[in-house]
Structures are given as C-alpha cells and as structure tokens.
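These are the residues of each chain, in order.
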Amino acid sequence: MDLSAFVPAFDEQVDNILFWLTDHAAFFFDGARVVLEGFYNGVLWLLNLPPFYVVAILAGLVAWRSVNLSFGIGTAIALACCAVMGLWPETMSTLALVIAASVIALAMSLPLGVLAGLMPRLERFLAPALDLIQTMPPYIYLLPSIALLGYGPATALVATVIVAMPPAIRLTSLGIRMTPNEFIELGEALGTNRVQAFFKIRLPFAVPSIMAGVNQSLMMAFGMVVIAGIVGSGGLGETIYGAIRTLNIARSIDASIAIVVLTMILDRMTQSMASSRQKMGE
Amino acid sequence: MEFSPGAFIAPAVDWLNTNFHPFFAMLTRLIEAILGGIEASLLVLPPFAVIAIVTLAALLVLGWRMAVLAFCCLGFCLLMGLWIASMQTVALVLVAVAIAVAIAFPLGILAARRPRFEAALRPILDIMQTVPPWVYLIPAVMIFSLGRVPAIIATIVYGIPPMLRLTTLAFRGVPTDLKELGQAIGAKPRTILFKIELPAAKPTLLVGLNQCILLSLAMVVLAGLVGAGGLGAEVTRGLTRMEMGLGLRAGLAVVAVAVLLDRLSRAALELDRRKV
Numbered sequence: 001m002d003l004s005a006f007v008p009a010f011d012e013q014v015d016n017i018l019f020w021l022t023d024h025a026a027f028f029f030d031g032a033r034v035v036l037e038g039f040y041n042g043v044l045w046l047l048n049l050p051p052f053y054v055v056a057i058l059a060g061l062v063a064w065r066s067v068n069l070s071f072g073i074g075t076a077i078a079l080a081c082c083a084v085m086g087l088w089p090e091t092m093s094t095l096a097l098v099i100a101a102s103v104i105a106l107a108m109s110l111p112l113g114v115l116a117g118l119m120p121r122l123e124r125f126l127a128p129a130l131d132l133i134q135t136m137p138p139y140i141y142l143l144p145s146i147a148l149l150g151y152g153p154a155t156a157l158v159a160t161v162i163v164a165m166p167p168a169i170r171l172t173s174l175g176i177r178m179t180p181n182e183f184i185e186l187g188e189a190l191g192t193n194r195v196q197a198f199f200k201i202r203l204p205f206a207v208p209s210i211m212a213g214v215n216q217s218l219m220m221a222f223g224m225v226v227i228a229g230i231v232g233s234g235g236l237g238e239t240i241y242g243a244i245r246t247l248n249i250a251r252s253i254d255a256s257i258a259i260v261v262l263t264m265i266l267d268r269m270t271q272s273m274a275s276s277r278q279k280m281g282e
Numbered sequence: 001m002e003f004s005p006g007a008f009i010a011p012a013v014d015w016l017n018t019n020f021h022p023f024f025a026m027l028t029r030l031i032e033a034i035l036g037g038i039e040a041s042l043l044v045l046p047p048f049a050v051i052a053i054v055t056l057a058a059l060l061v062l063g064w065r066m067a068v069l070a071f072c073c074l075g076f077c078l079l080m081g082l083w084i085a086s087m088q089t090v091a092l093v094l095v096a097v098a099i100a101v102a103i104a105f106p107l108g109i110l111a112a113r114r115p116r117f118e119a120a121l122r123p124i125l126d127i128m129q130t131v132p133p134w135v136y137l138i139p140a141v142m143i144f145s146l147g148r149v150p151a152i153i154a155t156i157v158y159g160i161p162p163m164l165r166l167t168t169l170a171f172r173g174v175p176t177d178l179k180e181l182g183q184a185i186g187a188k189p190r191t192i193l194f195k196i197e198l199p200a201a202k203p204t205l206l207v208g209l210n211q212c213i214l215l216s217l218a219m220v221v222l223a224g225l226v227g228a229g230g231l232g233a234e235v236t237r238g239l240t241r242m243e244m245g246l247g248l249r250a251g252l253a254v255v256a257v258a259v260l261l262d263r264l265s266r267a268a269l270e271l272d273r274r275k276v
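Line by line, the protein sequences are chains X and D. Under full-length UniProt numbering, the residue at position 37 of the first sequence is numbered 37, and the numbers go up by one with no gaps. Under full-length UniProt numbering, the residue at position 193 of the second sequence is numbered 193, and the numbers go up by one with no gaps.
Worth double-checking, as some hints may not be accurate.
[To be verified] Which chain D residues stay away from chain X? Per the calculated CB distances, all over 12 Å, these:
no. : residue
1   : His21
2   : Ile34
3   : Cys72
4   : Leu94
5   : Ala184
6   : Val220
7   : Gly232
8   : Ala268
[To be verified] DEER-style ranges, computed between Cβ atoms:
no. : chain 1 : residue 1 : chain 2 : residue 2 : range
9   : X       : Leu58     : D       : Arg65     : 51 to 61 Å
10  : X       : Phe125    : D       : Ser41     : 37 to 47 Å
11  : X       : Val207    : D       : Leu271    : 34 to 44 Å
None of these hints come from the bench; they were simulated from the model. Just so we're clear, the structure is a prediction, and the values are computed from it rather than from any experiment. For each residue, glycine too, the CB sits at the ideal point set by N, CA and C.
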C-alpha cells in the first residue's frame with residue numbers, strides 16, 4: 001500500500017467534487033447565500049437605524065428591567081464606550097451576526113429539542129451526532145461553509161448556526177423530559193388533550209431549561225462569530241484579525257474590550273431571564 | 001469624541017517587553033524546550049511503531065474497542081499525510097493540559113477548603129469562561145509575539161477554569177464522614193488528602209480533565225491563526241489559500257485527534273467507575 005499517492009488523489013477528488021458542486025448546484029448555494037446575507041443585512045440595518053446613544057440607552061433599560069439598576073447603567077456606559085472607541089459599526093455588525101445566527105439556530109433547534117424530549121428514540125438517534133459536533137473544535141466548521149458559500153458573512157452564519165445548535169437542542173429536550181410526573185398525571189386526570197397538556201404543563205416547566213439553552217447557544221455563537229473574522233464575516237472578529245496581523249496592539253486591545261463588553265451584557269441578560277423565569281415557576 | 005483605552009495600554013505592553021524581556025525570553029526558551037522534547041519523543045519512532053504502541057496500550061488497559069478506535073484515529077492521521085502536524089498538535093495539547101492541571105489542581109483544593117478564596121475566585125472564573133477563546137490569544141501574542149509559545153500560554157489560561165471548578169466541586173463533594181474517619185484514626189492531613197479525599201474525588205476530577213483536554217484542543221487548533229503550527233496551521237492554510245483538499249484533510253485529522261483524546265479520557269473514567 002503506497003500511502004504517499006493517497007494524499008494528492010484525495011486533494012484532487014475534493015477539488016473535483018467542489019467544482020462539480022459549483023457547476024451543478026450553484027443555484028442552490030447562491031440562493032442560500034443570498035437569503036442568509038439578506039437576513040443578516042436586515043438585522044444590521046435595524047441595528048444601525050437609531051444612533052448609538054439610542055441603542056445604548058435602550059439596552060441599558062432592558063438590562064435594568066432584567067437584572068438591576070447598576071447593571072443597566074453599566075450596560076449603557078459600556079456600549080457608549082464601544083462607540084467612543086470608534087468601533088460602533090463593527091460592534092453592531094458582530095451583534096447582528098450573533099442575533100441572526102442565534103435566531104436561525106433557535107428556530108431549528110427548539111422544535112427539534114421539543115421533539116427529542118417527547119420521543120426518546122429521536123433523542124437516542126441525535127445524541128451521538130450532538131456529541132460529535134461538541135467534540136470538534138469550532139474552528140473547523142468554517143471549512144465546509146467557506147468551500148460552498150465563499151468568503152463573507154453567509155459562511156460565518158452557517159458555521160455559527162452549526163456550533164450554536166447542540167446546547168439548545170440538549171437543554172430543550174432535557175427541560176421537556178423533566179416535567180414532574182404528578183403534573184402530567186394531574187393533567188390526564190383533568191382530561192386535558194395532548195396539545196393542552198403540552199402547552200399548559202410541559203412547556204412552562206421546561207422554560208428555565210430552555211432559557212439556559214438559549215444562553216449557552218448565544219455564548220457559543222459569540223465565540224464562533226469572533227473566530228469567523230478570518231473568513232471575512234466583518235465585525236470585531238475581522239478587526240482583531242487585521243490588527244494582530246499588522247501588530248496594531250492598541251486597536252486589538254480596543255476590539256477585545258468591545259467583544260468582552262458585548263459578551264458580558266448578553267450573557268448576564270439571558271442568564272437573568274432564565275433565573276427570573278425559574279422564580280416564577282416556583 | 002474619540003478615546004482609545006488601547007492607546008494607553010499599548011505603551012505599557014511595550015514597557016513590559018523592553019524591561020522584562022529576559023524573563024519572557026527565558027519562559028519562551030523553557031516552554032520551547034519542553035515542547036520540543038515531547039514532540040521529538042513522539043516523532044522519533046516511525047509512525048507505525050507509535051500506532052502499534054498506543055493500540056497495544058489501549059488494548060491492555062481499556063479493552064479492544066478503545067484499541068480499534070485508537071488504531072483507526074491514528075491510522076487516519078497517517079493516511080491523510082498529516083502525521084507530523086498531528087503529533088505537534090498532540091504535543092501542544094499534552095503540555096498545555098499538564099501545566100493547566102498543575103496550576104488548577106492546587107488552586108481548586110484551596111478553593112474547596114477556603115470558601116472566601118472561592119468567593120473571590122468565582123467572578124474571575126465566570127468572566128474567563130464567558131470571554132470568547134479568540135480574546136485569549138491577543139495578550140499572549142502581544143507579549144510572546146507569534147509562534148507556539150503564545151499559543152500554549154493562551155491554551156493553559158483557557159484550560160484552567162473548567163479544571164479549577166471541577167476540582168473544587170470534586171473536593172467539596174467528598175463525604176464528611178470519610179474525612180472525619182481519617183481524623184479519628186489520627187491520619188496526617190497529607191495522608192487524608194492522598195488516601196481518602198483524592199480517591200473519593202477522582203470521578204469528578206476525571207470529568208474536569210476531559211473538559212480541559214477538549215477545550216485545550218479547540219484552542220490549540222484555533223492558535224493555528226497565530227502560527228502555532230500543527231493541524232491548526234494546516235486548517236488555517238486551507239482556509240486562507242482556499243486549498244480545500246488540504247483544509248478538509250486537516251479538519252478530518254482534527255476530528256480524529258479530538259475523538260481519540262475524548263474517548264480515551266472518557267474510557268479512563270469508565271474504567272475507574274467499574275472498579276468502584
């Protein structure tokens with residue numbers, strides 16, 4: 001067996017398959033790209049519509065309502081700092097990427113998680129796939145997406161969606177399965193039908209777990225969006241990538257601060273939503 | 001109005017680089033030496049010999065399933081023509097995990113003993129685990145420039161929080177009656193630690209080790225962006241030059257290494273459970 005002949009043959013085969021795909025399935029990938037970029041641009045347009053202080057104040061108000069007053073004030077000041085550092089457009093495009101990717105990921109993984117929670121068979125079928133996705137370093141998800149969608153935000157979105165899905169699926173199905181038995185039996189005794197039993201009993205109990213999943217997904221999405229700067233996603237990731245390559249220390253510190261600020265704000269907000277729902281449940 | 005905190009911190013970094021250069025250079029040389037040694041010992045034998053040794057060890061200790069898995073994963077790396085890069089990545093992960101555990105383990109025990117220390121540590125760990133991995137590479141690159149050393153420093157820092165948390169959890173979870181039993185029979189604190197607490201905490205510690213290994217691998221691969229070498233560098237080359245064949249091979253080799261490290265450390269955990 002000659003191993004050295006295998007590598008060039010493999011590379012050639014991969015190139016051939018990619019050429020074939022770009023020849024025959026271009027309409028599909030172009031379509032996907034246009035849709036994804038359109039969605040991303042829409043979110044970005046919305047975020048850029050108001051001036052930065054309006055966004056900062058709104059975010060501060062939301063943070064105040066969801067966490068507490070001092071965190072709200074901190075949020076507003078921190079976001080204003082991003083603008084003062086001259087990184088407002090980058091911050092907003094990173095935020096738009098995270099939002100767009102999380103919306104797509106959640107739209108797919110919440111129903112899937114509910115189904116997996118209701119059907120143990122599907123759960124057993126999904127578990128190894130989710131394990132594998134979570135075992136692999138996030139960085140390599142950029143490879144297939146850049147091969148098929150090319151350089152740009154669409155690639156970043158696809159890779160981010162893949163990374164963000166597993167925690168949401170897992171925690172949703174966990175939440176659905178964890179409904180206390182006596183409540184299901186109570187529902188049966190009261191003669192609820194299955195739809196009612198799901199929406200009135202199982203779902204409310206699952207909400208804290210689902211919110212924890214949303215928080216985890218968001219954090220995974222963040223990590224990925226920043227890495228995706230290398231494939232031209234735009235935003236803070238690309239700023240850092242460029243700054244590191246030109247050894248522009250000041251700029252890369254600024255961009256890192258902006259990333260940390262944004263991550264902290266979103267993390268605390270979603271976390272507190274999860275815990276406040278929990279309190280309501282109790 | 002424009003204000004850049006980075007413009008204030010950058011001179012501080014410069015100052016550090018000029019005044020502490022001997023220290024950083026020494027650290028660099030030390031890490032390079034350790035890494036070089038481990039890499040050389042992984043590469044000194046021909047690939048087939050390494051595969052045979054790992055497979056045999058897995059067969060003897062963990063059973064035939066792990067042996068088959070180890071053989072397939074390592075054989076796959078060889079088949080993909082990325083043996084050297086794979087071994088470089090494995091060496092980076094091993095060194096990073098060893099140092100991270102050496103730092104996190106005593107701190108974790110201390111945090112389990114002193115609730116105050118843990119309370120002080122908790123917000124720092126929270127922040128460290130929320131920040132995206134990319135951000136860890138930036139300060140490392142500023143001080144150690146490009147190459148393997150910043151990569152490994154960032155990886156160590158990234159791997160510490162999960163290990164620290166699970167060490168604290170593990171030692172907190174040791175049943176009090178066991179510890180009291182040790183004190184009652186007049187065992188020295190050191191004996192209690194190694195003969196009673198450590199065995200009781202082992203399952204949770206192994207979970208922490210598994211987490212630490214996987215996070216370190218993710219970071220080491222990402223560090224290909226700052227010139228860490230290994231499989232991460234091949235993935236980066238594939239991505240930036242659009243050499244999809246190379247990128248795909250490197251990506252699959254990363255998967256093989258990840259699956260191998262994950263399953264081996266998990267199998268070690270199961271082995272432990274079976275004994276208990």
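- Query: For D:His21, is the shortest beta carbon distance to chain X beyond 12 Å?
  - Reply: holds, 16 Å
For the pair X:Val207 and D:Leu271, does the Cβ-Cβ distance stay inside 34 to 44 Å? holds, 39 Å
Exercise for the section: Could you check that no beta carbon of chain X comes within 12 Å of the beta carbon of D:Ile34? Expected result: With a cut-off of 12 Å, D:Ile34 remains clear of chain X, as the shortest Cβ separation is near 23 Å.
#### Entry: Reported absence of D:Ala268 from the contact zone with chain X (all CB gaps over 12 Å)
holds, 16 Å
### Distance rule for D:Ala184, whose beta carbon must clear each one in chain X by more than 12 Å
holds, 40 Å
Would you say D:Gly232 is clear of chain X, with no C-beta pair closer than or equal to 12 Å?
About 7 Å separates D:Gly232 from the closest Cβ of chain X, which leaves it inside 12 Å; violated.
Check: Is the nearest Cβ of chain X still more than 12 Å from the Cβ of D:Cys72?
Finding: Fine: 15 Å to the nearest Cβ keeps D:Cys72 off the interface.
D:Leu94 and chain X, when compared Cβ to Cβ, separated by more than 12 Å:
holds, 16 Å
Practice prompt. With respect to the beta-carbon atoms only, verify the hint that X:Phe125 and D:Ser41 lie 37 to 47 Å apart.
Written response: holds, 42 Å
Handout entry: Distance rule for D:Val220, whose beta carbon must clear each one in chain X by more than 12 Å
Key = violated, 8 Å
TODO: Hint says 51 to 61 Å; check whether the CB-CB distance for X:Leu58 and D:Arg65 agrees.
DONE: holds, 55 Å
The earlier numbered hints that this structure contradicts are 6, 7.
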